[in-house]
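Colleague: The primary structure of each chain is shown beneath.
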Amino acid sequence: MLLGFLAGLGRAVLRACQEVGGLALFALEALSHLVRPPFHGRQFLRHFIEVAYFSLPVVALTALFTGMVLALQSYTGFARFNAQSAVASVVALSVTRELGPVLAGLMVAGRIGAAMAAELGTMRVTDQIDALTTLSTDPMKYLVAPRLLAATLALPLLVLVADIIGVMGGYLVGTAKLGFVSAAFLDSTWDVLETMDVVSGLVKAAVFGFVIALMGCWCGYRSRGGAQGVGMATTSAVVLASILILALDYVVTEAFFAQ
Amino acid sequence: MTLTVTLEGVCKSFAGKTVLEGVDIAVPASSSLVVLGGSGSGKSVMLKCILGLITPDAGRILIDGRDVAAMSRRERAALMDRIGMLFQNGALFDSLPVWENVCFKLLAQKRITRRGARDKAAEVLAQVGLAASVGDLSPAELSGGMQKWVALARAVAAAPDLLFFDEPTTGLDPIMGAVIDGLIVDCVQRLGATAISITHDMASARRIGQRAAMIYKGRIVWDGPAASLGQTGNAMVDQFARGEREGPISMELRR
Numbered sequence: 409m410l411l412g413f414l415a416g417l418g419r420a421v422l423r424a425c426q427e428v429g430g431l432a433l434f435a436l437e438a439l440s441h442l443v444r445p446p447f448h449g450r451q452f453l454r455h456f457i458e459v460a461y462f463s464l465p466v467v468a469l470t471a472l473f474t475g476m477v478l479a480l481q482s483y484t485g486f487a488r489f490n491a492q493s494a495v496a497s498v499v500a501l502s503v504t505r506e507l508g509p510v511l512a513g514l515m516v517a518g519r520i521g522a523a524m525a526a527e528l529g530t531m532r533v534t535d536q537i538d539a540l541t542t543l544s545t546d547p548m549k550y551l552v553a554p555r556l557l558a559a560t561l562a563l564p565l566l567v568l569v570a571d572i573i574g575v576m577g578g579y580l581v582g583t584a585k586l587g588f589v590s591a592a593f594l595d596s597t598w599d600v601l602e603t604m605d606v607v608s609g610l611v612k613a614a615v616f617g618f619v620i621a622l623m624g625c626w627c628g629y630r631s632r633g634g635a636q637g638v639g640m641a642t643t644s645a646v647v648l649a650s651i652l653i654l655a656l657d658y659v660v661t662e663a664f665f666a667q
Numbered sequence: 300m301t302l303t304v305t306l307e308g309v310c311k312s313f314a315g316k317t318v319l320e321g322v323d324i325a326v327p328a329s330s331s332l333v334v335l336g337g338s339g340s341g342k343s344v345m346l347k348c349i350l351g352l353i354t355p356d357a358g359r360i361l362i363d364g365r366d367v368a369a370m371s372r373r374e375r376a377a378l379m380d381r382i383g384m385l386f387q388n389g390a391l392f393d394s395l396p397v398w399e400n401v402c403f404k405l406l407a408q409k410r411i412t413r414r415g416a417r418d419k420a421a422e423v424l425a426q427v428g429l430a431a432s433v434g435d436l437s438p439a440e441l442s443g444g445m446q447k448w449v450a451l452a453r454a455v456a457a458a459p460d461l462l463f464f465d466e467p468t469t470g471l472d473p474i475m476g477a478v479i480d481g482l483i484v485d486c487v488q489r490l491g492a493t494a495i496s497i498t499h500d501m502a503s504a505r506r507i508g509q510r511a512a513m514i515y516k517g518r519i520v521w522d523g524p525a526a527s528l529g530q531t532g533n534a535m536v537d538q539f540a541r542g543e544r545e546g547p548i549s550m551e552l553r554r
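Taken in order, these protein sequences are the chains called R and P. Position in the first sequence (first residue = 1) + 408 = our numbering. Position in the second sequence (first residue = 1) + 299 = our numbering.
Okay, chain P solo, but in the shape it has when bound (with noise of 0.2 Å):
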């Protein structure tokens, strides 16, 4: 059963500097919303805000209606179970291989056996399209490209319900970019989740998102379908979209 995400009001300030301004925002279940906006708009503080790795200010978040804030250790433990997420940079654990990587919350829920989890990491990295024998290497031995595979087999071993995505193809040319953004697509299909994704890459948000929201300036400007981006009406997302120096967040920089 996939969930549903719903943030109100969501305000969050970092020493006296506001980052978040009252997002509202609703993601239906097995639906994908990818949300834009530039560096420092704060939208990797709002995905660790939906995570619970940091605690808004004010506002609510509901994950399939109850709220985060008043779930108990054991209650968010339940939830985190039920979520995967790609981090920017893979943040793949050093001091393990990649198969122990891959089944890391498998293991730790004790759903598989350490033996069982090399068939396990195996068989998910072919649904990557990686081969068994990477299991064996570090993350230290694979390239940025094949770290973010390996990352987006970890988020997806343990079949999660809600997906999130921060910056899936930051540092990847384009080529892999689509076809890491192609594996996603896969992935949330398959499983039928809800997924969350960031990014200011206008091509992965088209590839990867049904419905796309801009935040700007803490707050979300726009919201509808990820297919009519760049020609939205909305000078903000258009401007954005078309990356052109000229227009109202520009207007907004020099002041």
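Bound conformation, chain R alone (with noise of 0.2 Å):
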């Protein structure tokens, strides 16, 4: 029963360790076609204004929402410290450090990662992997790494602008709602905000759409079984990309900020 146990756990550690290469090789595979041409422009810029522009909603309703509460729930919490001031501080380097990059990568993988398992699935069953290969274009480079670059250029830009619906978010509560004098609160924000802040939240921002469009790619490039396996592609995509997201946000958050 021990020797049962045994193997069966080294079968799960080696098809972990099978799938974590996998994952690598194909990584570096679409990193590689990011520096040999020819580039695929065209679907660059495709794959670019889906991730920047058409989630633009959804990540500024996000960002507003969370200042907003962000901003009443610390006022109310701080005030039993008689520490209300501190709301603007909190809400700016709350959003700009952790909620505005995890948040929009969270919602982005919901959205773009899902989307870019589920049409690349449904190529894989529908024979149009293949089909590339014989029409002298190599999948990799035309349907992965433009995705790839895109997702991690644009996702910055998003939580840029999610910082600043966040922090907006946060001001309105704080003036219209808690009693804030405007200038007051934004010299505050303004105050307690350093460069590396911003920076930070970029940074993990970029790693998050790399990590969004991967996990999307890998799971729809692989799927198999028709309509059910890109149905589980869309969804392995999202949860690992989720899951991803917040790990690697204490990995980056350690790299930036430990002492």
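To be clear, the hints were calculated from the coordinates, so they are not data collected in a lab. Keep in mind that this is a model prediction, so the values were computed, not measured. Mixed in with the good hints, there may be bad ones.
Stated by the list, open to error - Which chain R residues face chain P? A few, computed with CB under 10 Å, are given here:
{"hint": "1", "residue": "M531"}
{"hint": "2", "residue": "T534"}
{"hint": "3", "residue": "T541"}
{"hint": "4", "residue": "D546"}
What the hints assert, rightly or not - Derived contacts from chain R toward chain P, CB cut-off under 10 Å, selection only:
{"hint": "5", "residue": "T530"}
{"hint": "6", "residue": "A539"}
{"hint": "7", "residue": "T583"}
All residues carry an ideal CB built from backbone N, CA and C; glycine is no exception.
Starting from the two chains in their separate frames, assemble the complex, guided by the hints.
Modeller: Structure follows, in structure tokens:
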């Protein structure tokens, strides 16, 4: 019985190693296509617009309400310690360092990661990926590399907008509901923010963008078994990207701010 | 210059299940071979092996006398430039209009500008009997038969030397199937290309093939003139050609 358990454990570990290795090779091959011509600029542009422009409403709304809730929650919490004046600082730091990139990442994972997995998965099960090969086009170069680059470059832009809108949400609640003076709230926000706060958030966004596209492409590219396989690929892409976003959030935070 | 295709002892298994068990066949230049076989007999896997989409476990695939497995990435890409393929379900790209689908290879090889591609697509679509206006539609707006036509136009647009047709008439009514077969024969003759088709439609096999071969349980069990299908003297092929329930194939299935 113990041997059976150990054998099962060993198989699971080997399978996990195989998956991680496969994912690493997939990512390296896709990255290598970013520096080797020909380049598919039209594909890149299409996906960049899809990620950066069409994700804007959902990311903006998320950021706005997050900033508003954050101001309200921190005000009621800090009132217990007579520290209400810290609301502006807390909103600015929380949004730029943490909530902006993480929430935008999770939203984009749900929207874009799922779409990438579904599109590539459908292309796989309907032979469109094989067709690309027969049409003298490397599927990794045409399908995967432009998506990786587009998401990696687009997410920082989205997060920059989310940062501004999130702080604005806090400002709206702070001035309209909590009685803060407009100039004082903005001064507080401006004083507490340092370049590194914003930069760290943007770096996180780029990492998250890469991970979202990578998981979307990886799961979609190797999907099998018709509609059910595409559905599973889509679910896996969103779940894996979301978990990796949260895990990598810690890693990047540690890299930037650990003493 | 058209290409020859030779398979020598090609074997392929998936998760312990043997699909190809030593396939040997040679297709001379400018000839048309039809490979027959039931579902799961290994026809599509054989085709994907020749195309390099699947790597065989053993054996050699020679195209124009050169081993495909020994080719560099660049050589294989150059070979792919000379190949056209019609997929069973068309495999048209949903995100692109018909004209861009048809000229995809020419655009990928930069043999044509995007402006010139529209005119070229209209020309190729006309060759398969479609109006130029079809070029502006998306594949989702086309019927199954029209998708096959467009897929055929895409396969021949770059004037390949070697053409593959995967179940060209599957899912089509008999008249539409005959039309597609006629177009395939016309295109192959016009290009002077070598053609390999796989099908289980006997009428289609007789129309498009000069030679036919039957694959059964991963092996080529018969190879001869396509016109003789039904009277080959091979019990398996004749049973398959006549669609009879009783015979060596059903005997095998009962075990």
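Colleague: The structure should be examined with respect to each hint, and the outcome stated for every one.
Modeller: Taking the hints in turn, this is what the structure says about them:
For R:M531, the interface hint holds, since its Cβ comes within 10 Å of a Cβ in chain P; the closest pair sits about 8 Å apart. For the restraint placing R:T534 at the interface with chain P, the shortest Cβ-Cβ distance is roughly 6 Å, inside the 10 Å limit, so the hint holds. Because the smallest distance between the Cβ of R:T541 and any Cβ of chain P comes to about 6 Å, under 10 Å, the interface hint for this residue holds. Using the Cβ-Cβ criterion of 10 Å, the hint placing R:D546 at the interface with chain P is satisfied: the shortest such distance is roughly 8 Å.
With a least beta-carbon distance of about 8 Å to chain P, the hint placing R:T530 at the interface is held under the 10 Å criterion. With 10 Å as the threshold, the beta carbon of R:A539 comes within range of chain P, its nearest partner Cβ sitting at about 4 Å, so the hint holds. Look at R:T583: its Cβ only gets to about 46 Å from chain P, farther than 10 Å, so that hint breaks.
Checked against the numbered hints given earlier, this structure breaks only hint 7.
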